[in-house]
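Student: Just add 16 to the spot in the sequence shown (first one is 1) and you have our numbering.
Hints were generated in silico from the structure; no laboratory data involved.
These figures come from a predicted structure and were not determined experimentally.
What you were told as hints is all true, and nothing was included just to trick you.
Lysine-lysine pairs mimicking DSBU-like chemistry, simulated, CA-CA at most 30 Å apart:
id: 1; residue 1: K194; residue 2: K222
id: 2; residue 1: K196; residue 2: K303
id: 3; residue 1: K432; residue 2: K169
id: 4; residue 1: K321; residue 2: K449
id: 5; residue 1: K321; residue 2: K424
id: 6; residue 1: K186; residue 2: K246
id: 7; residue 1: K222; residue 2: K109
id: 8; residue 1: K222; residue 2: K196
id: 9; residue 1: K246; residue 2: K222
id: 10; residue 1: K196; residue 2: K186
id: 11; residue 1: K246; residue 2: K449
id: 12; residue 1: K246; residue 2: K230
id: 13; residue 1: K222; residue 2: K303
id: 14; residue 1: K303; residue 2: K230
id: 15; residue 1: K303; residue 2: K246
id: 16; residue 1: K246; residue 2: K196
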Amino acid sequence: MIGLDQIRGDFAKWRKKGYEANCCLCDRAGRYGARYRYRGGGALSGSSSSRSSLSVTSPYFNLISLFLLCTMLGLTKELRSMNQRIFGDVPCKIDLLTSVDNLIEPENYINFTRFSLNYITQDRYSYNYNNSNVPQFGGQQTLEDRENSYHAKNQMLHCGFVRGNTSHYKSGFDINEKDKEIMNNCTVVVSSCIFGNSDFLRRPTKHKMGTYTKTNVCFMIFMDALTLAKLSTEGNVPDENGKIGLWRVILVKNLPYIDMRKTGKVPKFLSHRLFPSARYSIWVDSKMRVNADPMLIIEYFLWRKGAEYAISRHYDRSCVWEEVLQNKRLNKYNHTLIDEQFNYYRSDGLVRFNQSDSNSPLPSFVPEGSFIVRAHTPMSNLFSCLWFNEVNHFTSRDQLSFAYTYLKLRRLNPDKPFYFNMFMDCERRAVAKLFHHRTQQLVPPPVTP
Numbered sequence: 017m018i019g020l021d022q023i024r025g026d027f028a029k030w031r032k033k034g035y036e037a038n039c040c041l042c043d044r045a046g047r048y049g050a051r052y053r054y055r056g057g058g059a060l061s062g063s064s065s066s067r068s069s070l071s072v073t074s075p076y077f078n079l080i081s082l083f084l085l086c087t088m089l090g091l092t093k094e095l096r097s098m099n100q101r102i103f104g105d106v107p108c109k110i111d112l113l114t115s116v117d118n119l120i121e122p123e124n125y126i127n128f129t130r131f132s133l134n135y136i137t138q139d140r141y142s143y144n145y146n147n148s149n150v151p152q153f154g155g156q157q158t159l160e161d162r163e164n165s166y167h168a169k170n171q172m173l174h175c176g177f178v179r180g181n182t183s184h185y186k187s188g189f190d191i192n193e194k195d196k197e198i199m200n201n202c203t204v205v206v207s208s209c210i211f212g213n214s215d216f217l218r219r220p221t222k223h224k225m226g227t228y229t230k231t232n233v234c235f236m237i238f239m240d241a242l243t244l245a246k247l248s249t250e251g252n253v254p255d256e257n258g259k260i261g262l263w264r265v266i267l268v269k270n271l272p273y274i275d276m277r278k279t280g281k282v283p284k285f286l287s288h289r290l291f292p293s294a295r296y297s298i299w300v301d302s303k304m305r306v307n308a309d310p311m312l313i314i315e316y317f318l319w320r321k322g323a324e325y326a327i328s329r330h331y332d333r334s335c336v337w338e339e340v341l342q343n344k345r346l347n348k349y350n351h352t353l354i355d356e357q358f359n360y361y362r363s364d365g366l367v368r369f370n371q372s373d374s375n376s377p378l379p380s381f382v383p384e385g386s387f388i389v390r391a392h393t394p395m396s397n398l399f400s401c402l403w404f405n406e407v408n409h410f411t412s413r414d415q416l417s418f419a420y421t422y423l424k425l426r427r428l429n430p431d432k433p434f435y436f437n438m439f440m441d442c443e444r445r446a447v448a449k450l451f452h453h454r455t456q457q458l459v460p461p462p463v464t465p
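Based on the provided sequences and hints, a complete structural model is requested.
Tutor: Written out as structure tokens, the structure reads:
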């Protein structure tokens, strides 16, 4: 079933260009619930057949009109299905503990794959200001470097924060020393970010947080000066300790990417680099509000499941092929660059998700990446670096690179387990409330990766 953004985007596009276009509201099996069409002129018509058609010609036709028309045409079942697909399932009832009192990490929880990771911090190549080949935050990774990095072994690899080999070049994502000192002392972290004034501030639900959490868990939100200025005009001004509610604001300067979405992947994937002493971290997208105690979240998604990395599966799509089509349909990124990435993954072994395969290494190949719970173990850190490197090299659409990264890591390390928990999306909704972004489109993606 198509999403709300697609419906809005389609109508905006049709009104602007006035050309004929078609879009179908269909379920996962491909059966049509309703079809609507804009032709730039004519009359509105439709039928209640199984392959219903709505010819929409009025420039004032909108989503509400679509719902009303479908109701009139007897498509209420399809509307209920569409609503579920657009907004996802309601939260599951999950068995969170009622208190963090006497909560102790399980004794056998530390028995994970062990190896040592070190990170490249200075690029091997020389640069000058007249050379367009300037250093990148992700570093100049060769194909050999990339292949070697997928082996779970003692190694030095690219994982962001790479600076040039002269004092002229910094890595980017600059943070002041006072904030770094605080970040270095965090052992459990909840983090988020807003760049490019793309979102409102969602404060964690304070009364859900226990005394231990308020004292010992770091709540860190990264933002640029533009976002901080906008939030300040809305009454969200940091106090003398740099906090807005539970969030401590970390001001980031010298952003490493023009594309704000790609900049947001730095705190999303590289929490082990930003918080070197942390043992656990929870990533929460800026469109979400945490509604449960982070320690209870860690106990439920990691300790209880014996997992070192937890992420929810997408509520609608499970195959990368579907995700590619959806990204193109909604113009989420340059189509040529999406094809380049997708074709490379297919040539390197990526296959379609087979839901009937009981031996599939994952219950879905498409995640809902807005909520990630992880222990900072070697395998978890390696996977995070690898996933970030794919986003750095290709598009910022991390759902496209998730399955490829995970499957390749497992394929090249069959004797080194990675304890992964890919849970139902409704479980995520039980601990974090979803809102809409302030803006659906940030700075347009660059022409080249």
